[in-house]
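Colleague: In order, the protein sequence lines correspond to chains L and Z. Be aware that the first sequence starts at 1, since it is given in this note's numbering, and climbs by one per residue. Be aware that the second sequence starts at 1, since it is given in this note's numbering, and climbs by one per residue.
One thing to keep in mind: the hints can contain errors.
Same chains, same names: a pair is fine if it fits in one copy or spans any two.
Calculated cross-link-like contacts (lysine to aspartate or glutamate; reagent style EDC-like; alpha-carbon spacing at most 16 Å) [to be verified]:
| # | residue 1 | residue 2 |
| --- | --- | --- |
| 1 | Lys262 | Glu241 |
| 2 | Lys375 | Asp86 |
| 3 | Lys306 | Asp90 |
| 4 | Lys173 | Asp7 |
| 5 | Lys345 | Glu391 |
| 6 | Lys20 | Asp3 |
| 7 | Lys333 | Asp259 |
Because the hints were derived from the structure by calculation, they are not lab data.
Protein chains: 2
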Amino acid sequence: MNDFVYDIPVRVYFGRDQLKNLGPELKKYGTRVLMTYGGGSIKRMGLYDRVMKEMKDAGLEVYELNGIEPNPRIDSVRRGAQMCKDHKIDVLLAVGGGSTIDATKFMAAGACVDFDPWDFMDYSKQAPIERALPIVTILTLAATGSEMDSGGVISNPETKDKNGRLAPALLPKASFLDPTNTFTVSPYQTACGAADMLSHICEVYFNMNQDLFMLDCFMEGLMKTIVRYAPIAMKDPENYEARANLMWTSSWAINGFIDGGKRQAWSCHPMEHELSAIYDITHGLGLAILTPRWMEYCLDETTVSKYVQYGVNVFGIDPSLPAMDIARKAIAKTSEFLFDTLGLKRTLPEVGIDETHFAVMARKSVGGGTLPGFKPLQAHDVENIFKMCME
Amino acid sequence: MNDFVYDIPVRVYFGRDQLKNLGPELKKYGTRVLMTYGGGSIKRMGLYDRVMKEMKDAGLEVYELNGIEPNPRIDSVRRGAQMCKDHKIDVLLAVGGGSTIDATKFMAAGACVDFDPWDFMDYSKQAPIERALPIVTILTLAATGSEMDSGGVISNPETKDKNGRLAPALLPKASFLDPTNTFTVSPYQTACGAADMLSHICEVYFNMNQDLFMLDCFMEGLMKTIVRYAPIAMKDPENYEARANLMWTSSWAINGFIDGGKRQAWSCHPMEHELSAIYDITHGLGLAILTPRWMEYCLDETTVSKYVQYGVNVFGIDPSLPAMDIARKAIAKTSEFLFDTLGLKRTLPEVGIDETHFAVMARKSVGGGTLPGFKPLQAHDVENIFKMCME
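Only chain L is shown next, with the shape it has when bound in the complex (with noise of 0.2 Å):
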């Protein structure tokens, strides 16, 4: 067991009725504000207005930057930066999902410094990220955890890189979670978002190194919540105990608390941000894809008990079955849920990507070297990963 530190002061609003907490919390920072979005679905819902209302009522000076894409790109984090510095900003205001928060974070930190924000991202030069302007959020999307923890994820086209940072200074100094603005949330969006969260939880549960059993009696609850929860957020997007328990559930996936002491590297992830930066397919689709093939890939007698411990915990299967039954059951439990319940896309086909890139792919998932995850991985086993996602 590894030791570790516990450091995430984030002060989270959470309900229906804390907007009005809003002025008050930018003018911690200063008065002059860039407000980030994507596209129109803020104006749409309603919550572009009340949150220029609630600025405007407490005296901030109020600029905006909107157009972040879904996989958010460098050119935008370039743009937000220079308008931190032609407009003296103060605080950053991020309204929407993963995609305008992880973007948010790098302007409000290339905003501080002189060079390009790509050489924070880039993996060769690792720009030391030692200040960022304050940021907080108003999370529309419950997905990434952006909004709680201190990481981001950017593509670059031109590179075709889609690199992740994380650094302490990215950390929002307050996030604002109202269920209510995750109602309008696509059944579509709704179910990307659940594999998203499913996957940051099984790339720290499933992990052979001794943990703390009482964070993998919370990752279970976490993972309990999708499952039950993810369904009938689709059916019913105006279910405030669906969203809330949902939006909750996306921060504290990935906020570092699951974590203690481990200190493993992710397997999904990194082989989905290639697919991603490639592609440009939803991020939680590409994760949904690739977990439970990679589930398949790992089990072995050596692996299998943390299959059972996941089976019976979070599914309820029969504890009494052969181990290797127990993980086999769970897997497929796992592709009936992210599959069959929540209407994904099974194969990587479906999604127009065929195995021209595999090897590319594969081999820039593992840095050139081996992924040191649930098991290690080397390219080739990753190519085998992507190819059991073709059927």
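For chain L, the structure is supplied; the task is to place chain Z on it using the hints.
Modeller: This is chain Z only, laid out in the frame that chain L set:
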């Protein structure tokens, strides 16, 4: 489902090898430290010397206050607040369990005011706690959760009061949780700590309002962790896995996370505070005696569903049984855990308490009105529960 604000900016250094961070952490707040502790146990276990060495190496000027009582008294608080003023203390370091940390919190607040610190605790005065000196803790007992929450309880032997108070300013800046610092905790104190934690969770979990399912899963995970590891820690006191699970559970059982938007009063704690105010028994022991009787008293057709959830998810009771049977079995399992597995005394007479003060204690525990908890309790209800503890 109520709105809530999540805000727990406590940095936790968890594990065996974290004391190297103590000096740098304290120096963030200044150079003059008041170190507080209870009896001699931290000297016997060598912790005192290690802590002193870290502080000396960091060039800190250290003052000491020891002798803080197990149910900490207002006189210790007064003494500490005065020392802070006399020596212009910058930061307080509490080394101990919940009693030491609780007392230190009110010393830190008392150092910032000109009035008697009992005015913070006196329910008729509720003097505002606007500021407190920064507090860092080194935990040596997994029980009260004071290391990660903003509250504390102080006794006043003159008035026979034992009062609690919460204030954000009392939240520790950082806490050092090294499970090896609990290796010397006796089986009896380990058991009392486990009962205290279990009670913290029951006070929130037993609730008929609509809650976040996700948080119920977390609470069940915390309770399963206590049930699993407390007996191991009692039999094998240097079992790191058991001590680590209990330690991190103690913090999360009461830091506010599991509350979500619940705003219901606690029940067993106010009852127990009256017992230990008069008889000075160990808090966790009093809670252990009260909890199963309180469960029994509150069980009826309107509350049975919560007991079913508890029995099935924490103790694995067969869900196909009739609801009332599951509920009764769940209460029996709770008693069995507390009195047989943990070996705690089962009745009030066994700890030297008779009916003499029941009526007075019952009236005080409901504050002259009703405890609006799981089931609203009036003075006569509390008196009935006390009487149930006689055999």
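Colleague: How would you classify Lys173 and Asp7 at a CA-CA limit of 16 Å: within, between, both, or neither?
Modeller: both (13 Å within a copy, 10 Å between copies)
Colleague: When no copy is named, should Lys333 and Asp259 be tagged within, between, both, or neither for a Cα gap of at most 16 Å?
Modeller: The answer is neither: 24 Å in one copy and 32 Å across copies each exceed 16 Å.
Colleague: Checking an output row: Lys262 and Glu241, CA cutoff 16 Å. Within, between, both or neither?
Modeller: between (32 Å within a copy, 14 Å between copies)
Colleague: Up to 16 Å between alpha-carbons, please classify Lys20 paired with Asp3: within, between, both or neither.
Modeller: between (40 Å within a copy, 12 Å between copies)
Colleague: State whether the alpha carbon distance between Lys306 and Asp90 is at most 16 Å within one copy, between copies, both, or neither.
Modeller: Intra 47 Å, inter 48 Å, cutoff 16 Å: neither.
Colleague: Cα distance capped at 16 Å. Does Lys375 pair with Asp86 within a copy, between copies, both, or neither?
Modeller: neither (48 Å within a copy, 59 Å between copies)
Colleague: Measure nothing new, just compare the shortest in-copy and cross-copy C-alpha distances for Lys345 and Glu391 to 16 Å and report within, between, both or neither.
Modeller: Classified as within; 11 Å inside a copy, 62 Å across copies.
Hint compliance for this structure: hints 2, 3, 7 are broken, all remaining hints hold.
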